[in-house]
Amino acid sequence: MISVKNLTKSYGIQSALDNVSIDFYPGEITAIMGPNGSGKSTLLKTILGLVIPTSGDVLYDNVAVTGKFLYRKNLGYMPQVPSFPPALKVKEVLKLINELRNDYSPDETMAEYFGINQFIDKRISELSGGMKQRVSAAIAFMYSPKVIILDEPGAGLDPLSSHVLSMKIQEERQKKKTVILTSHSLKEVSELADRIIYLSEGKITFDKPFNEMNMELLFNYFKSDEAVGNEVL
Amino acid sequence: MIYNLSKYLVSDLMRNKALWLNGLILFIFSYLINDLSSDSSKAAVSILNMNLMILPLFSILISAIYYYSSKESMEFILTNPVSRFSVVVSIYLSLIIVLSLYYSVGIVIPTIIMNGTGYMVHVLVPGYLIILIFSSVSVLSSVIFNDKVKGIAFAIFLWLFFAFVYDSLLALVIFYFSDFNLEKILIVLISLNPIDLYRINTLLFLDTSAMMGFTSAFMKNLFGTTLSIISTYVLMGVWVIIPFIVSLRLYARKSF
Amino acid sequence: MNCLKNLNGKKHTTIKYIRFVIIFCSLMLLLTVPDIVHSKTIAELIAQLKPHDTLIVPPGTYSENKIKISFPVTIIGNDYPVLDCENNGSGFLVESDSVTISGFVIRNTGLSYSEEICAIKVSNSKYVSITDNIILDTQFGIYFANTANSEIKRNKLISKPVSESSSGNGIHFWKCDSIVTSYNFIQGYRDGIYLEFVTNSSNEFNRSMHNLRYGLHFMFSNNNSYIRNVLTKNGAGVAVMYTNKVLVKDNYFGDNWGPASYGLLLKDINESTVTGNIFNRNTSGIYMESSNRNLITKNELLHNGWAIKILGSCYDNEITQNNFISNTFDVSTNSRKLVNNIDGNYWSSYDGFDLNGDGIGDIPHHPVKLFSYLVERSPEASFLMKSFIVNLLDFAETKFPSVSPVDFIDNYPFMEVIIK
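Chains as they are written, first to last, in this note's numbering: chain A, 37 to 269; chain B, 1073 to 1328; chain C, -4 to 415.
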């Protein structure tokens, strides 16, 4: 189980996260929502160890892991905009990740599942954004991680891949994995999420199971952020 | 882990065509210098001049550009069970391996083949240290500045500072305080700038040192030849290590 | 048994006796082998002579020293007899007019800090001729004191340089007049040729190299000429001081490279001519200090660190029709105002043009670079040697001269190398 406790991250006077505490449970898909700049990405990056919190801790199995790195073998991450060393071939990137995670053997079927075998000999620089997303998705699931973190998973994908990905996410829920995702898309959230955490200005506005959600309320929240509101509609 | 990562980063860097072009330009320059110089001592001075000018710039720019362009990839790599220490060390190692390779192919090997004399050692070997130093300094400035433009601008400023501004300041000091006995102070000041350190200590081994009159005699007396080499290399080593350690520390506490 | 013993004893003494005789005889033989060393020393041979005799010294090695020659005589070595002084002192000491010493090898004089030990020392004489000798490992080579109308020709002097304080000079003159020194080869002394208070003498076709200090060194020696000598690779080059009316012509000054080396150092030299010489690869080709009214013309100054350094204490020197080619710095000075004329030279660093095609550049040439001026002003500036900032400053200075001497200009720079 992964959780964050009293997490605060401030850049100067501005705080991106303000005393946030959340437990993420296995077998549950948690969607983190909120307008731009609400601290969603900072929260994910803090869990991944990319952001060092000003105070508070990330706990994995009730052990503080802030500043440590070995716990990340249990994490799978799919960033919003994936980026790999551009001159490497896709298969070399897979090999590199394999060497970095030499404790686990990869689930080779993932490459097939996300259809990346057809361009496995291409350079990263030759791939389209969607292709890179699929590579990134395959890597996120390849090492059967206990916690899967997805930043805007549907954003850059074509409809088919997007569907494949949601199938995979649901499959992971069945396997009692913890899934954390951020999303701007109400459709995606309503399809997948078991629990919704709404962040605003670094604070948790609400944290509710999806089936207890008043969708109208959620919609109203979105409307407060015009840009996001448009995307939702 | 560092080995695995560097292996891939090096092959990523090696496939960069712009870098090959840089290597080719170095090769053309050094070929022309070696070919056109009437004797190897003149070639040595010209190669030294080129190294003093181009190597720091080359190292600083390529390191900064590579750091920023691979920033997101490194973020992704960091979401794997890899320590930040390994990532920084791998970036730095890959950079110095590739830069040294281009330097070797572009300058060192043609020079050895065309003008291989004993004192060329003192021209060529510290060139590698210059690469180590300025990559290290550049990685540090990149780690400090999150903004790419600021980081690269600062790196270029550092180069300008060490290559031009510093010596201009020295010239002013010499000009305005020429009534005082400046030699010891100047030696200390020169030790603080790796480019000057390289320049002076290489000149001591070349014919040009005679033109430095009693200054070179003074330095030779002060250091003795072996000691001067050792102290130069130690000081240059400090220039490699300190920025690198600072960048390791800053990188470990950095939020992306 | 007893008898046998006696017999044995007798036989033993006989053998002993015979052995003794054999050894004795052979020893005697050894001692009576004819003396390969000459029966007479050179000094004894000289003692038998009358004035104006000629002595031919037979070949061989003579171990003696301090051979005094006090009357006119000609001594010629047949097939280079060796005078080995065995580190005990000078070779020949000439104290008479009209002496000739020729064809000897003189070696191993040893050294002394209290007196000058020489292969040949000539004092208070006239009409002395020292020719065709080979002088090896001596403190001084040939030493002329208070001597006139004499010659030193075709000698070869080679010594192992020790230190400036314990080495002497190859050919040393003190208070001499009308001496011809030519075709000598000098190597490994403190100064190759040294002249002090020498007048009306000529030095031609000598080669002086690898000496510890100067290849040629003179002071207070007026009206002498130095023609077609080769002076290379000496510790400090050539230094000439406190002298008027000297002719330095067609010599080669080369490879005098060191922190304090000069092709030709002129200190307090007046009304002299330096012409037709080649200055190649010297730290400073010509270095002038307190020297006035000299003519420096038709010289080739190539690949020197500084071709000419001319300090502010020099006046009215005429530097013209010289070729300055590939020197790091052509001219250097510590003064902003100079009253010397440097018109009409060729400068390989000149980047002007000649529109009217008369062979003379249309814009004046500023040969003094800012950096060399700075170094002259404050030597610490040499810390900046080969720094980019120096190139930058020099470039700016050539375009907008502000610091370097404004008067120090070649108004008529040649476009092409001047061929004599």
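Think of the hints as simulated: they come from the structure by calculation, not from any bench. For each residue, glycine too, the CB sits at the ideal point set by N, CA and C. Take these hints with a grain of salt, some might be off.
Facing chain B, from chain C, some residues (calculated, C-beta under 8 Å) [unchecked claim]:
#1 Asp172
#2 Val175
#3 Tyr178
#4 Phe180
#5 Gly183
#6 Thr323
#7 Ser373
#8 Ala376
#9 Ser377
#10 Leu379
Checked hints:
no. : hint   : verdict
1   : Asp172 : violated (38 Å)
2   : Val175 : violated (35 Å)
3   : Tyr178 : violated (31 Å)
4   : Phe180 : violated (26 Å)
5   : Gly183 : violated (21 Å)
6   : Thr323 : holds (7 Å)
7   : Ser373 : holds (3 Å)
8   : Ala376 : holds (5 Å)
9   : Ser377 : holds (4 Å)
10  : Leu379 : holds (6 Å)
When the structure is compared with the earlier hints, violations turn up for hints 1, 2, 3, 4 and 5 and for no others.
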